Amino acid sequence: MPRRGDVIGLGLFVVFCVVFPLVAPGSLVNVGVYAMIYAIAATGLSLLMGLAGQVSLGHAAFFAIGAYAQAILVTRYDLYGVLAAVVAVVIAMVVALLVGIPLLRLRGHYLALATLGLGIIVTVLATESEFTGGTSGIYGIGKPEFNSRTYDSPQEFFWLLTPFVVVAVLLARNVVQSRIGRALGAVNDSEVAAETLGVDTFRLRLQVFVLSAAYAAVSGIFFAHWLAVVNPNTANFPLSVKFLLMAVLGGLGTVWGAVIGAFGVEFLDEGMRELIPVLVPGAVGEVQLIGFGVVLVVIVVFLPGGLHQAWRMVLARVRRPSGDVSEGRAEATEDDSPVMVREGRPVAGSVLLEVRGLTKQFGGVTAVDDVTLDVRAGEILALIGPNGAGKTTCFNMVSGVLAPTSGTVKLNGVRTDGRKPHIFAQLRATRTFQNLQVFRSATVLGNVMVGRHLRARSGLLRGMLVLPARAEERAVADAAYEVVRLVGLEGERHRPAGELPFGRQRLMELARALAVEPDLLLLDEPMAGLSSSERRALARLLRRLRAGGMGIVLVEHDVEAVLALADRVAVLDDGRLIALGSPEEIRTDPAVVAAYLGVDEDDTAARAAARELAAQVEET
Amino acid sequence: MSDLLQLIFSGLSIGAVYALIAVGFVAIFTVSEVINLAQGEFAALAGLVAISAVGSGMPLPVALVVAIATVTVVAVVMERVTVAPVKRLTTLTSIILTLGVSTVLKALMLLIWGPEGKGLTPFPGGDLLVFGVSIRAQELWILGIAAVVAAAVWWFYERTIVGKALRACSEQPIAARLVGISPKLATMLAFGIAGLVGAIAGVIASPVYFSSWDSGLSLGLKGFVAATLGGLVSIRGALLGGVLLGVLESLVAGYVDTGLRDAVAFVLLIVVLVVRPAGVFGRHAEARV
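If you read the sequences in order, they're chains C and L.
For the first sequence, counting from 1, position 357 maps to 357 in this note's numbering; every step adds exactly one.
Position in the second sequence counted from 1, then plus 620, gives you this note's numbering.
Mixed in with the good hints, there may be bad ones.
Said to hold, decoys possible - Chain L stretches covered by chain C per the calculated footprint, using a threshold of three residues with CB under 8 Å from any CB of chain C:
| # | region |
| --- | --- |
| 1 | 712-724 |
| 2 | 730-744 |
| 3 | 835-841 |
What the hints assert, rightly or not - Far from chain C by the CB rule (all over 12 Å, computed), these chain L residues:
| # | residue |
| --- | --- |
| 4 | Val674 |
| 5 | Val686 |
| 6 | Val693 |
| 7 | Ile755 |
| 8 | Leu763 |
| 9 | Val828 |
| 10 | Thr878 |
Stated by the list, open to error - Short, incomplete list of chain L residues facing chain C, as computed with Cβ under 8 Å:
| # | residue |
| --- | --- |
| 11 | Leu624 |
| 12 | Leu627 |
| 13 | Ala727 |
| 14 | Asp882 |
| 15 | Ala883 |
| 16 | Val884 |
| 17 | Ala885 |
Just so you know, these hints were derived from the structure itself, not from any lab.
Just so you know, these numbers come straight off a predicted model, no measurement behind them.
Quick reminder that beta carbons are idealized off the backbone N, C-alpha and C, glycines included.
Produce the complete structure using the sequences and hints provided.
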């Protein structure tokens, strides 16, 4: 979906690239060449940081690997430049894969520090090894030649780089807007919610990391040809900081930002190198670092979105947003026909979910104690119990958010306990959250489209090339719209999700879960925050979903609503399942009455729960 | 045999330095979940300040106090000026931010002290030869001072109410507030402690390992690896991790190849994170929620 702003930006950039080498003085063009070379690496790093939410503090390592591989292949093995470049990029990608596999499963600090270590290692290895020419490195790399035209002046090289930078930026832009970009954007807003919708966070992060290494390698290849020399300094830390600064300055994940950042930082670098020795006589070495450091700190403290954010603020001043917001209403029809029927869904009444002996201990506290129950297709099972009874913990274990201490969970016969939430989603089961997990950086429709993640196939490559993924993207948007309509949010679909009132956000989470087309749906307090008409509409929708064969588990505090809706009710108290049966049986079950009404006189917790229940009944 | 002892001993002394830097990482991380990339710079800066102080004619003990105090103040100022104002501090922004500070510190050190590495005057005392192991007086100073500091830090966190509150801060801000520690104060205090131990590590190491504007990079990375060995949240683990890393490095440098010394930390980091992400010494931590 090309947007007007992108086309204008692209046009301006191409004009700039053609004109700049013609009008700028030679020394500036020279700086510009470096800016263009580094812009490619910075774009990749911007993707990694903006999309995958991970930092590489040693991106110069991949840059150096690309540069060295190219230099060695071209000078020692006389390999044709383009072919050598392909090999060099692949080598960098393989290294990234090896580093990323162990580290991207963990929190962001580890990749950051490990890549910092990688930068040091590459520098050390390059310095120590004869093969890479030791401290003096490898020289004599020829200038590129195509169709007997040699690109050897700054002007020529700048023009040679132009199409590469444009393509690098376009591909990055496509990634951001693709299915993968959407999923990773969601991960940055709420990792757990994205995973319960089927997003395999680790896999996608790894892909983006490897892609960013490829960008750095391409950048290194141009560097090798331009400078004709590659030495251990290409992997050094200041260069990694420079890449990082370029990405941060432009605005993370905003692709043009990295290019603008690259020019900004290169000119800053030149300026500092000339200015500092004037200010501080006798200053030598990497004095320009002071400018880098100050800019990094200032940006994080005052302008976290980089220049892109500043630009947006200017734009927002110029044109005020239109305030038209039409209120959508939940479908008020008396339609009770089944919805979201799916071919191949287990027949109504067959067991979908088997929970056996599920137990969770936090330190010495047993939050859930030996819970065993089944959920069947085409039924609504309500899970009720006083606050702190372990309902949400149960949900967390069933959906893969928490690993149980003991016990098993089987979904359609497949063991899922202790596995990640996206596995649960792949087996066609998903959930909503009691504490809302809204993807705040997306619109309502954008949120629901993340729910379609598993119903689409386009990977990183197809996303980068846009066209092959186009029809699928349209199908995803259409299907998401259908679900949005089902919960009555179509009037608000283009609003930023974070702006919706609480109750509407709940409905949006339901729509997001339904977009997965699950067979089993776990809803954690879906009625909370809804108006009474919305509650009625939701109850109707749940009945229609049940009629369509979906199995639904409902945690709800509104006991009367639950007893009216559910086929079976499970009651948890203090982590134990104390009753399981039809709503009528539950109403009269002595254990339930004791738990809720505090008949057991020495149990103060039960009495507190009884008071709470009474308060809720009054509310409704 | 004496070779092995020699290697182990020199490993212990550099390991003690890593251990103190690791304590700085843990002190800040447990309170604010920030990995402070300027931690190594604290050590480098302390070394350089002490060298200049001695150069200006101060007696060594005074110079040490001046250096340690300066760096502690720098650490607290860093927290007030850069970390405190950021509203939404994610892993990503905290890394960028502390990287920025570390870069500023590096550049300032380069501007003030120039690119050459320097060593602080060694602390008094004669070198020894025990069982064929030559021991430099400075190495004994390193081990002794590190042991005292480690014990003090341990006592502070385990035995004083403020220390316990600091540890509890990330999990139970309300409990911490009950004993009079606001999250704001706790973060400041944590940076102060990190600055203090980092600075001590810097001055005791400087006579043997030298200080330069960029020596903080590798010290910081190794301190982080040491802290990771201990699971990033345990003072005891960080101390053990530092010593273990130091000894391993020394053995690899001695028996395999000197050039590979710097590779040990990186390989160890990856191996530990793959095998036991919760740290080598710690119990298995709860799965993330």
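- prompt: Which numbered hints turn out to be false for this structure?
  reply: 10, 11, 12, 16
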